[in-house]
Every structure is written in C-alpha cells, then in structure tokens.
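Protein sequence lines correspond, in order, to chains B and G.
In this text, residue positions in the first sequence follow our numbering: the first is 423, and each later residue adds one.
In this text, residue positions in the second sequence follow our numbering: the first is 1073, and each later residue adds one.
Keep in mind the hints are simulated off the structure, nothing from the lab.
Computed from a prediction, not measured in an experiment: that's the story for all the values here.
Hints may be right or wrong, so weigh each one.
[Stated by the list, open to error] Okay, the calculated bits of chain B under chain G, using three or more residues with CB under 8 Å as the criterion:
#1 533 to 547
#2 607 to 618
#3 655 to 666
#4 772 to 786
[To be verified] Pair ranges (Cβ atoms, derived):
#5 Val1184(G) x Asp817(B): 31 to 37 Å
#6 Leu1353(G) x Glu494(B): 51 to 57 Å
#7 Asn1130(G) x Lys588(B): 56 to 62 Å
#8 Leu1336(G) x Ser774(B): 46 to 52 Å
The C-beta atom is built at its ideal place from N, Cα and C for all residues, glycine as well.
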Amino acid sequence: MIGRVRTALLAALLVVGLTAPALAQKSVKIGVLTPLSPPGDAAAGQFIVRGAKMGAEDVNARGGVLGGRKIELVIEDDAGTPEKGAAGFRKLASQDQAVAVVGQFHSSVMTAVQALAEQFKVPVFSTQASARQITERHLNYTFRTHVIDPDRCQMWTRWIKERGFKRAALITENTDYGVGLVDETKKAFASMHPGAELKTIIFDRAVVDLTPQLLEIKNWKPDVFLNGGIGTPMYLIIKQAYDVGLHPVVPMLISYDAPVRPEYWKTLGEKGTWASFIVYYHSTMKLTARGEAFRKRYVAEFKEDPIYGAFNAYAQVVLLADALNAAKSDNTDELVKSLLANKFEGWNGTISFSRGEGPYWQQWTPPMLVTQYTKPEMSFADVKIVYPPELKTGDWMPAKR
Amino acid sequence: MDALLFSQYVLSGVVIGVIYSLMALGITFIYSIMKMINWGMGEFYMIGSYVQYALIVNLLGPRLWYVALPLAMGAVFLLGLVIQRFLLRPMFVGGVERRDEYATIITIALMVFFRNLAIVLGGPNQYAPPDYARPMTLVTLPISGNRFVALIGTLVLLALFYLVIKKTWVGRALRGAAQNRVAIQTAGIDVLRLDMLAFGVGVALAAAAGALLAPDFLVYPENGAISTFKGFEIIVIGGLGSVLGSIVGGVLLGVIEALGSVFLSAAYKDLYGFVLLIGLLVFRPTGLFGERERSV
C-alpha cells in the first residue's frame, strides 16, 4: 500500500515538475487582425504587421512580460470585410486565447468586431479605423490610438476655409468611413464655413468606373475636391479624375496617408503629382525615445522610413506589454483596468485612455497634418507640411500645367 | 441638365458597356459550345492583366503595349487549352453524370486557386502599367487614352471574332457544335478538340479585356470580379449564346448604370442593371436576342 502511494506521489511530482516550467513560460498572445488581402487595403495591413512584429520583438528582447513570458503575435487577415473580420476575431479570442487584438484598419470591420470584443471580453484596438461611432458607443473593450473622423473633417474644413475655397466636392465610398466623412463634413461646413457649398457623392466600393461621378463633379465646378476612397478606390479616383480633366486642375485632398507608401508612384506615375493628403507622421516630427529607436531599427531593416501604420501598431503592442506588466496579470479585465489607470510611452508622445464625452472614449489622438506632392516621384521625406499653420514647413501650391 | 453633360454620361456608359461586352462574349461563347458556365472567367481577366503588366514593365517597355496584348491573350489561350484538356474534358469523356455540377466545382476551384496564386506571386497590392495613350476627347466625352484604346481594341476583336465565326470553316464547325454537339460529330468533326479551342478563345477574350483595361482599372488579385459580374448580367440581358446580344446588352447595361448613378445614386450603381435584368427576365426570359431552347 505504502509503495503504491509512494509511486503515485512520485508520479504526481514528476508531472508537476515537468509542466510547471512550461506553464510559467507560456507565451502571452496578442492578435493582429488587419487587412492583408483585397478588397481591404492590404498594403496598410502589411505595414501594420511589420510594426506589430517589431513591437513584439522589442518586448521579448527586453525579457518579455509578466516575469519572463514571451509575447506571441497571432496574425489574421480580415480582408477589409466585416464577415471575415468577425470570423478572425472569434478565432483569436476563443481558439488562440489572445489577451488583446490590434491592427484594425477599416471602420466597417472595426464596428463589427468591437461587439465581439464585448462578448469575449477581449480588448480590441483601432490602429487606423477612424469612424466616430467606434468610440462613441462607449464600449468597455474598445480602444483607439488614431484620429476620429469629426476631427479629420474639421481639420480639412479649416484648411479649405484658409485657402479661400468656397465650393468643395467630396467623393467617397459607401462604408462606415465614407458615410461618416459625408456626415461630419456637412456638420463642419455648417458650423465652421457657413457660406461655402458642399457637394457629396457616395459610390459603391465595388465599382471601378467612376467616370460619370467625376464628370458630374467637374461640371459642378468645385474649387477643391476631397478624395475619400480607401485603397484601390482612392487610386481609381485619382486616375479617372486626371483623365476627365478634374485633377490636378482642381486641387485634390486625399483623406488619409496612403500616398506615403512606395506603391503610390508605381501605381499613379505623374498623375499622383499635386495631390494634397492628410498624414499623421512626418519625418520632421519629434519622436519619443521609443519612437526614435523604432524608426532607426525599421530603417535598418527595411531601408525606408516607417509609415504611420507601422508606428501605431508598434506602439500598441508595446503599450499592451506595459499594461500587462502593470496589471501583473493576463486577465483581460485586469488589462482593461491597467490600460485606463496608467500612462504609456507611445511613438510621439504619452498615451493615456480616459472615458471622455462622445467619441473621446478610451481614445488617444495623434497629430494630423496636410502635406502635398509637388513633383513626380517625390520622396515623402521631401514633402512639406502645408497645414496647420503652427507646424507648417512650406506653402501649399496650386498645380502648374 | 445640359445636353453636353448628358451626352457625356451616355457616351461613358456606351464605352464601358462595349468593353464589358468582350467579357460577356467570352462567357457566352464557352457556354454555347461546351454548355457550361465558367465561373472563373474573372480570374482569366485578372491573369491577362497581370501578364500584360509583367510584359510591359519587365520585357517590352511602355511603347510596345500593343505587342504585349496579343502575347497576354496567347498566354491565357494556352493556359485555357491546358485547363480544358486536363480538368474539363473529363466532363465529356470520363463518365461524369452531373456535368453542370462538375463544371461549377472545377471553375469555382480555379477561381479561388488563381486568386490566391496572384496574392502569393504578386502580393495583395495593386499595380498599373504605364498609360497606352494620353487623355483625349471622344465626341463630347473627355476620356482616358487607355479607355479609348480599350474601346478600339474591343471593336477590332469583336469584328475579328465575327469574321472567324461567320466566314471560316472552324467558325462553321463551332456554330454547328453550338447547335448540336452530337450531330456535328456525324460530319466527322472532333467535338472535343472544338471544346478546347472554344475554351481557349473564350478565356483569351477575357484576358484581352483585362489587358486592355489594366492601366485604367488597375491590376490586383480581385480585379476580375466586377467584370465577370457584369459579363453574366450582360449575357442574361442580351440572351445566352448571342454575340449581338452581348454587345447590345453591354451597351444597355453601361448606359443604364451611368445614368442611374448620376440621376439616382452612385451608391447603388449595380442595382440599376439588376432592375433591367429582372424586368427582362419577367417579360422576355430568353434575353433580347436569345432563342428559346427547342428539344425533341
């Protein structure tokens, strides 16, 4: 009898002895749910993945989190569609047991997955999804470190007013992002630029021939037109606007930072010249020590300057590691508490989340700048900031033809 | 609404409709001969655009785009022959009982395979070959030079196709196969070889559309989806198996979508074609130029 008990005890000790180190070293998984194939903006997703991977590498090189556990990224493609995003989030939350999910780019996908984030109690981060309702819903597990569309639309309305433009046309897609841009721009024009006229056109994101819409805009004779396409539609608008004689005769402002990517000139050639566009990062910006270290490592690895999506994904992974350490737990409720209670070093400033009014709920906003390409094949490093006035490094220029 | 602007909308619809009819012609041609729907047609459009891009950027240079076009068509024609020989021929010789289901499964599998292959080989990003021609004005419409080239190219290919079908021995054999696959064999014609030819020509037409539209509608893994969708709409509107129906259906669809997107809403552009399609199915189920199937 005693012999049997001894054997059982020895076996139990052996099992505990063998599994305990394994449990102690179990990695902490962070999901990266981002567009990596069409119809999503797959180029954006690739940069987000780059940044997130470098964030995980940095954290692991510093010893990991929670006393030596490694950060493991689980990457899922949402293809820019809510149904694939929802399926990806379910997998990350249930099968992979991710403690948080970063990388959200398309607002339509983000609005679909944030409901699942509440259900699974897993924090989800918007890396570049900017629709107002994302944070306006005041959900406990939704966080954002990106601009909000009302701020974007107010900014471009101020720019339009400063330039003295009285007639503006906005062409955008039938997504949460596009519809949000129309609503917010109408509000901004009504309150900030009351004498000005605004024409808005919402097109189906799947449509590739936008010639009739661009002819309609051209015939309306705007002083400026706003390109609200994301990914392929943004390029189609520029190409077709050029062909019907709208761009660059009429100044064009692109709603986000896609032109900073190397693919921009390859896709558009000289048609990309004279485009003005909104960015959230410029090489002249002052970065934090963490942001500067990331930039140097990124340049060394990829031989090009990082773009904002990579910065933001990097910062999100690193701040999640900081939050896990502060929480001393990988429990997601503890993680949320830690995210709300602490301040984190971001790529260009200190990030903190508070539960503010309206869309300013668990929200941190980076700067927004208007820049302009004035030469074909112009490097983004040579681009001047033309707005806002306090950060300006050059003057906006009308097209020379 | 001034007349000039209205004419521009109509013309832009006509131009895009004619170009889309090339795709529809490929679908309807394959259907006529092989009695199967090729659900992967858009992927041959996509492959055509990639081959065109690769040839222009890596081999021929932007000035020789017109050399790249027949090469892209030829490459996709050969690919079509191989696919037909090894994947679709068993439909007719392998004792397959449910031919429609077999063809559907194979062509949908090809669609998924080629789309993913494009992502693996070329990445998910979009590309564009250099412009074929400078922007110009077509009557009243300011138009991309590429679109004008695509229009002319489409008209030339349609005319060539018509001539081959109407005036040559092969064309007569193909028409015979379209009418009665069994009867044509009694005249000593190898119908399986005609199937290969028809599939190759059909997918080469799709590749031509992809290559012609590459600078305007870009090159990316899912770029064939829209044109396939339009192609199917056009053949239902024009009538399955009718060449004239493909052209008239394409123009009708293009004009209705252009006008609907301007006068109603651009957000529902695809809906207007469907309203036309549903109307036709109710009042003329065979399409504008289709014929009711007769069987004994």
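Comparing the hints with the structure gives:
1. 533 to 547: Result for this restraint: violated, n = 0.
2. 607 to 618: violated (count 0)
3. 655 to 666: With 7 residues closer than 8 Å to chain G, the segment 655 to 666 of chain B meets the three-residue bar; holds.
4. 772 to 786: violated (count 0)
5. Val1184(G) x Asp817(B): 31 to 37 Å: violated, 51 Å
6. Leu1353(G) x Glu494(B): 51 to 57 Å: Given about 54 Å between the Cβ atoms, the range holds.
7. Asn1130(G) x Lys588(B): 56 to 62 Å: Since Asn1130(G) and Lys588(B) have Cβ atoms about 48 Å apart, the given range 56 to 62 Å is violated.
8. Leu1336(G) x Ser774(B): 46 to 52 Å: holds, 47 Å
Hint compliance for this structure: hints 1, 2, 4, 5, 7 are broken, all remaining hints hold.
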